[in-house]
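Q: If you read the protein sequences in the order shown, they are chains A and B.
Residue numbers 1 to 344, in the working numbering, belong to the letters of the first sequence in order.
Residue numbers 345 to 775, in the working numbering, belong to the letters of the second sequence in order.
Keep in mind the hints are simulated off the structure, nothing from the lab.
Note that the structure is a prediction, hence the values are computed from the model and not measured.
For each residue, glycine too, the CB sits at the ideal point set by N, CA and C.
Heads up, a few of these hints could be off.
Claimed, not checked - In silico contact screen, one side only, chain B against chain A (beta carbon under 7 Å); selected entries: (1) ARG605; (2) ALA606; (3) PRO610; (4) ALA653; (5) PRO691; (6) THR749; (7) HIS751.
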Amino acid sequence: MTIDPKKLNKVAEKGVPDILFCIARQPTSTTLFVGNSSFQVAALQTDAEKPEFEPLTGDAHQSYVTGLAVAGESKNVLVSGAYDGRLIWWDPEQRQSIRAIDAHPSWIRGVVASPDGRLIASVADDMVCRLWDANTGDSIRSLDKHARETPHHYPSMLYAAAFSPDGQFLATADRVGHVIVWEVETGAVAAELDAPVMYTWDPRARRHSIGGIRSVAFSPDGKKLAVGGIGKIGNIDHLGGPSRIEIFHWEKNERLHEIEDSKLKGLVERLHFSPSGDWLLAGGGDHGGFLSFYNVESGELIHQVKAPMHVHDFVFDDQAEKLYTAGHNKIAEWSFTEDEESSN
Amino acid sequence: MPNRHATSGLITPSRRQFLGSAAALGTAFAADMSTLDVLQNPTFASELKKQQKHVILLWLAGGASQLETWDPKPGQPTGGPFRPISTSVPGVEVSELLPKLAERMKHTAIIRSLNTKVGDHGGGAKLMETGRRPEPGTDFPDLGAICARELGRRDSQVPDYVSMYTSTEGRRKGTSGFLGSRYAPMFLSDQMTPKNIARLESISVSDHQARSDLRSLLAKGFAEHRQNDLVASHNTAYQRVKGLMASETLFDISGEPDSIRAMYGPTQFGEQCLVARRLVEAGVPFVKVARAWWDSHGQNFETHRELCADLDQSMSGLLDDLEQRGLLENTLVITLGEFGRTPRINPSLGRDHFASAWSCSLSGCGVRGGSVYGKTDPKGNTVVDGEAKAGDLFATIFEAVGISTHHEYYLGSRPVPIVDFGCEAISEVLA
Numbered sequence: 001m002t003i004d005p006k007k008l009n010k011v012a013e014k015g016v017p018d019i020l021f022c023i024a025r026q027p028t029s030t031t032l033f034v035g036n037s038s039f040q041v042a043a044l045q046t047d048a049e050k051p052e053f054e055p056l057t058g059d060a061h062q063s064y065v066t067g068l069a070v071a072g073e074s075k076n077v078l079v080s081g082a083y084d085g086r087l088i089w090w091d092p093e094q095r096q097s098i099r100a101i102d103a104h105p106s107w108i109r110g111v112v113a114s115p116d117g118r119l120i121a122s123v124a125d126d127m128v129c130r131l132w133d134a135n136t137g138d139s140i141r142s143l144d145k146h147a148r149e150t151p152h153h154y155p156s157m158l159y160a161a162a163f164s165p166d167g168q169f170l171a172t173a174d175r176v177g178h179v180i181v182w183e184v185e186t187g188a189v190a191a192e193l194d195a196p197v198m199y200t201w202d203p204r205a206r207r208h209s210i211g212g213i214r215s216v217a218f219s220p221d222g223k224k225l226a227v228g229g230i231g232k233i234g235n236i237d238h239l240g241g242p243s244r245i246e247i248f249h250w251e252k253n254e255r256l257h258e259i260e261d262s263k264l265k266g267l268v269e270r271l272h273f274s275p276s277g278d279w280l281l282a283g284g285g286d287h288g289g290f291l292s293f294y295n296v297e298s299g300e301l302i303h304q305v306k307a308p309m310h311v312h313d314f315v316f317d318d319q320a321e322k323l324y325t326a327g328h329n330k331i332a333e334w335s336f337t338e339d340e341e342s343s344n
Numbered sequence: 345m346p347n348r349h350a351t352s353g354l355i356t357p358s359r360r361q362f363l364g365s366a367a368a369l370g371t372a373f374a375a376d377m378s379t380l381d382v383l384q385n386p387t388f389a390s391e392l393k394k395q396q397k398h399v400i401l402l403w404l405a406g407g408a409s410q411l412e413t414w415d416p417k418p419g420q421p422t423g424g425p426f427r428p429i430s431t432s433v434p435g436v437e438v439s440e441l442l443p444k445l446a447e448r449m450k451h452t453a454i455i456r457s458l459n460t461k462v463g464d465h466g467g468g469a470k471l472m473e474t475g476r477r478p479e480p481g482t483d484f485p486d487l488g489a490i491c492a493r494e495l496g497r498r499d500s501q502v503p504d505y506v507s508m509y510t511s512t513e514g515r516r517k518g519t520s521g522f523l524g525s526r527y528a529p530m531f532l533s534d535q536m537t538p539k540n541i542a543r544l545e546s547i548s549v550s551d552h553q554a555r556s557d558l559r560s561l562l563a564k565g566f567a568e569h570r571q572n573d574l575v576a577s578h579n580t581a582y583q584r585v586k587g588l589m590a591s592e593t594l595f596d597i598s599g600e601p602d603s604i605r606a607m608y609g610p611t612q613f614g615e616q617c618l619v620a621r622r623l624v625e626a627g628v629p630f631v632k633v634a635r636a637w638w639d640s641h642g643q644n645f646e647t648h649r650e651l652c653a654d655l656d657q658s659m660s661g662l663l664d665d666l667e668q669r670g671l672l673e674n675t676l677v678i679t680l681g682e683f684g685r686t687p688r689i690n691p692s693l694g695r696d697h698f699a700s701a702w703s704c705s706l707s708g709c710g711v712r713g714g715s716v717y718g719k720t721d722p723k724g725n726t727v728v729d730g731e732a733k734a735g736d737l738f739a740t741i742f743e744a745v746g747i748s749t750h751h752e753y754y755l756g757s758r759p760v761p762i763v764d765f766g767c768e769a770i771s772e773v774l775a
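The following block holds chain A by itself, in its conformation from the complex:
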């Protein structure tokens, strides 16, 4: 089915006591998995009459769970990462942990799986991206070139990673707006890009930094790279800045679009190109949340809706008929059909 972004409407939402930072689902499954602020990975059966989150058992994280990826060649493994620096492998059928490893000495910000499911990449505030064998958990390579400190001597942060559709490249992005595209096979640097507007340093009034690139996505043809974050922040206390996306032709180091939105503001936490590459979906927020569709060719806004919460992550179903957003104290279901809005 071809998605018409303008038909997006919310069909259900569910309040939860936790902050949901990440969401994932296996192909053909009706189960959603989330990572939350109660240090859990939890499952939600979407076709249940009264869906409730059920925490997975076994090894447990000891801080916010911020990354979740479906991996393995049969997409039969779930890998979570947390601010405790650990990666935990889960059996989604048995809903139990398989193994846990100390992967980073600091906060893990994101976990992504390669398109073929063989690799896991984790990014953390040690400013290193680490590649892991998705089946065995063995360490394969460390990608270490992001600066550990901001230019003003404060700890930097490595927020986001994404594999290219062919799995040959991996992009990582940090707090000061620096992007590195790595060759997965060799660990060599294929390109470096900068989006410095994503980072606000207030040297005079509040002497504080904020911002950074929070999301990265390759286009289906692998040529474009979109990065999302926040533009120049006016009120540094309240995330008072426009949502911001930059789209690059990364091999040419050419910036194609700079997209800012001051109507629905805040951080762009998640980016997703349509299968045909004609539009780009951005989710995020400040106190509120948003879902915004942009025309990739022109950079223009196609459609935009307010989300009922700050959106930290989203995932589509197999037919791309439904979208599930996870965020602050809520999970919401969206449809691209003409269904009337309802909630439970």
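Start from chain A and add chain B according to the hints.
A: This is chain B only, laid out in the frame that chain A set:
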């Protein structure tokens, strides 16, 4: 400008009276102190106790989170992502964001039970600067001005109160209130060194000295025939200006060894903490170093990762440096802001203003290191033990540096106690 009220005075003999007496006694004091039996005199004993005491206030402007510093709440929905860590004092835990300070907990007392009720920046700051709520018609002095007056030396040639707020919001200058401009802060708002105290380049050092000598000669001749406070004050003012000009170098840390600078870290806050140590070492009784901006309504955890790293490094360097120089036992280091932050985490991953149950720390002089006073409930919403008001904290600070909490100032005929009514020192954190 001094307050329109009458000049303040003390019911108890003032420190200045004491110092004046001591100076007048001169060699007699040094020759045979036992005959004076000075320690049997409570007033003199108190004065001796506060000899050369100093206070460094690390003002966490905007309001730091108690949950991400001194009062972590692990395993609670309000606890946030950071883990508590053990400290060098068994049983005492702080946030993992303060690993260096955790190792130095033997110097530090934590108060976890402040309930100050005022949750706006202006009101909260005023309360925590003066130790009491504002009253119409009364301009209360802040902590720095009180310490400047009570701990300062009459003959000091360095400033009594230096407030550094460089390159931040700059909106909290500090006030000497009814104590008058004599105790107002030397305020550094946009540069590391004071303005207008350098010798003019057009005047050579020898010319400058010759002019000073001539002025002193003429002034001395003038004063010999006139026993007048105004004349004495005039000469004192010149001496202080001369002292201030000489103190310019105190603000220049370029000559400090790299090893010392590394202790404090490369940030501006670190450099200002190093300046604070230099000032204290030179005799300045009160130094405030304000670090902004902790007002983390959005991205609280990242804000605290950044600012706590700064605080942890710089304050640890400061405590080590003071200790190594033998200054820590006479110097009280305080961390304080206008309030704490809500246990509730808002949709921007922020914490908002919260004055009902928050924390501060006291380190060094007069403090029982490793002590923890007060307790909040498991989620950090309320104080459940040892509730403390701003005035209680001020009384504790005064006791720690030897300032009598029974002092009273006079505004005309109205006595104003140095500590707010109904407040008393928290003896559990005092050495």
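Q: Classify the hint on PRO610 of chain B as holds or violated, based on whether any CB of chain A lies nearer than 7 Å to its CB.
A: holds (5 Å)
Q: How about HIS751 of chain B: closest beta carbon in chain A under 7 Å, or not?
A: Interface hint status for HIS751 of chain B: violated (36 Å vs cutoff 7 Å).
Q: Measuring from the C-beta of ALA606 of chain B to each C-beta in chain A, is the shortest one below 7 Å?
A: violated (12 Å)
Q: Taking 7 Å as the limit, does the beta-carbon of PRO691 of chain B come near enough to a beta-carbon in chain A?
A: holds (4 Å)
Q: Once the shortest beta carbon distance from THR749 of chain B to chain A is found, is it less than 7 Å?
A: The hint is violated - THR749 of chain B has no Cβ within 7 Å of chain A, the shortest such distance being about 35 Å.
Q: Hint validation: ARG605 of chain B versus chain A, beta carbon distance must be below 7 Å. Holds or violated?
A: Nearest chain A Cβ about 12 Å off; hint violated.
Q: Classify the hint on ALA653 of chain B as holds or violated, based on whether any CB of chain A lies nearer than 7 Å to its CB.
A: Hint on ALA653 of chain B: holds, closest Cβ of chain A at ~6 Å, below 7 Å.
Hint compliance for this structure: hints 1, 2, 6 and 7 are not met, and every other hint is.
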